[in-house]
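> Sequence:
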Amino acid sequence: MTQDMSSSPVSPLPDWARSLGQAPHSGRFREFPEAFQVEEQMSFTPEGEGEHLWLHCEKRNLSTAQLIRHLSHQLEVAPRDIGVSGLKDHTALTLQWVSVALTGRPTPPGLRDHIEMDGLRLLDAGRHPRKLRRGVHRANRFALYVTGEAVAEGSLEARWHELAAHGVPNYFGPQRFGHQGSNLTRARALMARGWKKKQDRDGFLLSSARSFLFNQVLSARIEQGNWASGLEGDVFNLEGSASQFAGEALDDALRTRLAALDIHSTGPLWGRGDSGVSGEARALERTVAEREPSLAEGIEKAGAAPMRRPLRLCLQSPELERDGEGLWLRFSLARGGFATAVLRELFQHPAL
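Quick note: to get our numbering, add 5 to the position in the sequence shown (first position is 1).
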């Protein structure tokens, strides 16, 4: 379905700063499911034996939650016995792995006919000793078809090449905060009362609160002009790795590595305890947290451990192809990256 810009609701979330400034033209995306394609990229495949049946699924107009419910019913297992590495979009064509615990049970005969339905195809299947855990995929490969004024006027292509060369702000996308920011609204209320596991069993509200503070820090650093060039006291993340280190003095060697996209400054996933930053970086993050005391204090009282997330994303293997009145954008993002963070740098749209 085409997203009608004139009737789309205005997001209550802040209009966080963009690295390239406000985009001059509007655009459209996700006009039909095949216009937003996502493929999970794993660094391993099922071993061929074990108690868990791994399924490589292609889904169209189907959320990951709907997929889990369907497999739970068809294979007669509890939803908790189904594992996924990540949640994939509903209005999209997505490829992802799912594991199903079949302890002591063989793979059902006629598996494909048993689980396929409208919007769901089984691409591959194999047994594996372990359940699929969240966040084990290496990256996501996107193929996005975009149209609109930004394509016609050519501003999108120029901005795309800037992002490919210099990286993208690693914002959490609007889907992290729920429809019209509903998860964040609920998180504020829950933090004010005192976070309790039974009121947030999956941790979505806690995650929404931490994501909001991260985005606030990233936006402040873009406005200050140091999100990509570093700040005294930063903790840095090595590109393509989970490895992090404290930089202490921001010397020429670190600046050279930042410019080469070899390392990235990080921002906080707020928690109780030392986050590792110092100096100017710590002062900035404290200032942001002081503006949101109920969220910051609520997260700390919930016992969340502090973590760090890169402020910058690299577009891996970026490709741009003109097709009729639109453009295909193809790129990979490390796990945890949001394609919507890329799109909001390229054009204006109410959902971004």
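It should be emphasised that the hints constitute simulated quantities derived from the structure, not laboratory data. Among these hints, one or two may not hold up.
Said to hold, decoys possible - Taking CB as the label site, the calculated pair distances span: (1) 229 to 31: 26 to 32 angstroms; (2) 140 to 202: 45 to 51 angstroms; (3) 229 to 108: 31 to 37 angstroms; (4) 113 to 302: 47 to 53 angstroms; (5) 327 to 31: 14 to 20 angstroms; (6) 302 to 260: 41 to 47 angstroms; (7) 27 to 330: 19 to 25 angstroms; (8) 291 to 111: 25 to 31 angstroms; (9) 330 to 243: 18 to 24 angstroms; (10) 250 to 124: 41 to 47 angstroms; (11) 46 to 199: 21 to 27 angstroms.
Said to hold, decoys possible - Here are the simulated DSSO-like pairs of lysine-lysine, each with C-alpha atoms no more than 27 angstroms apart in a straight line: (12) 202 to 306; (13) 202 to 136; (14) 201 to 306; (15) 203 to 306; (16) 203 to 136.
Backbone N, C-alpha and C define an ideal beta-carbon position, used for all residues, glycine too.
> Taking the hints in turn, state whether each one holds.
Hint-by-hint comparison with the structure:
1. For the hinted restraint 26 to 32 angstroms between residue 229 and residue 31, the CB-CB distance of approximately 28 angstroms keeps it satisfied.
2. Taking 45 to 51 angstroms as the suggested C-beta distance range, the pair residue 140 and residue 202 does not conform, at roughly 20 angstroms.
3. Against the hinted window of 31 to 37 angstroms, the Cβ-Cβ separation of residue 229 and residue 108 comes to about 54 angstroms, which falls outside the hint.
4. Judged by the Cβ atoms, the range 47 to 53 angstroms given for residue 113 and residue 302 holds: they are separated by roughly 50 angstroms.
5. Distance hint check for residue 327 and residue 31: the Cβ-Cβ separation is about 18 angstroms, which falls inside the suggested range of 14 to 20 angstroms.
6. A C-beta distance of roughly 35 angstroms is found between residue 302 and residue 260, which places it outside the suggested range of 41 to 47 angstroms.
7. Here the CB-CB span from residue 27 to residue 330 is close to 24 angstroms, well matched to the stated 19 to 25 angstroms.
8. Taking 25 to 31 angstroms as the suggested C-beta distance range, the pair residue 291 and residue 111 does not conform, at roughly 57 angstroms.
9. Range check, residue 330 to residue 243: Cβ separation about 41 angstroms, and the 18 to 24 angstroms hint is violated.
10. As the Cβ distance of residue 250 to residue 124 is approximately 45 angstroms, the hint placing it in 41 to 47 angstroms holds.
11. The beta-carbon spacing between residue 46 and residue 199, approximately 40 angstroms, falls outside the hinted interval of 21 to 27 angstroms.
12. At roughly 12 angstroms between alpha-carbon atoms, residue 202 and residue 306 fall within 27 angstroms of each other, so this suggested pair holds.
13. Distance hint between residue 202 and residue 136 is fulfilled; the C-alpha atoms sit about 24 angstroms from each other, no more than 27 angstroms.
14. With a CA separation close to 10 angstroms, the supplied pair residue 201 and residue 306 stays within the 27 angstroms bound.
15. Distance restraint check for residue 203 and residue 306: the Cα-Cα separation of roughly 15 angstroms lies within the 27 angstroms cut-off, and the hinted pair is therefore satisfied.
16. The hinted pair formed by residue 203 and residue 136 meets the criterion: a straight-line CA distance of about 25 angstroms does not exceed 27 angstroms.
The structure is inconsistent with the numbered hints 2, 3, 6, 8, 9, 11, although it conforms to all the rest.
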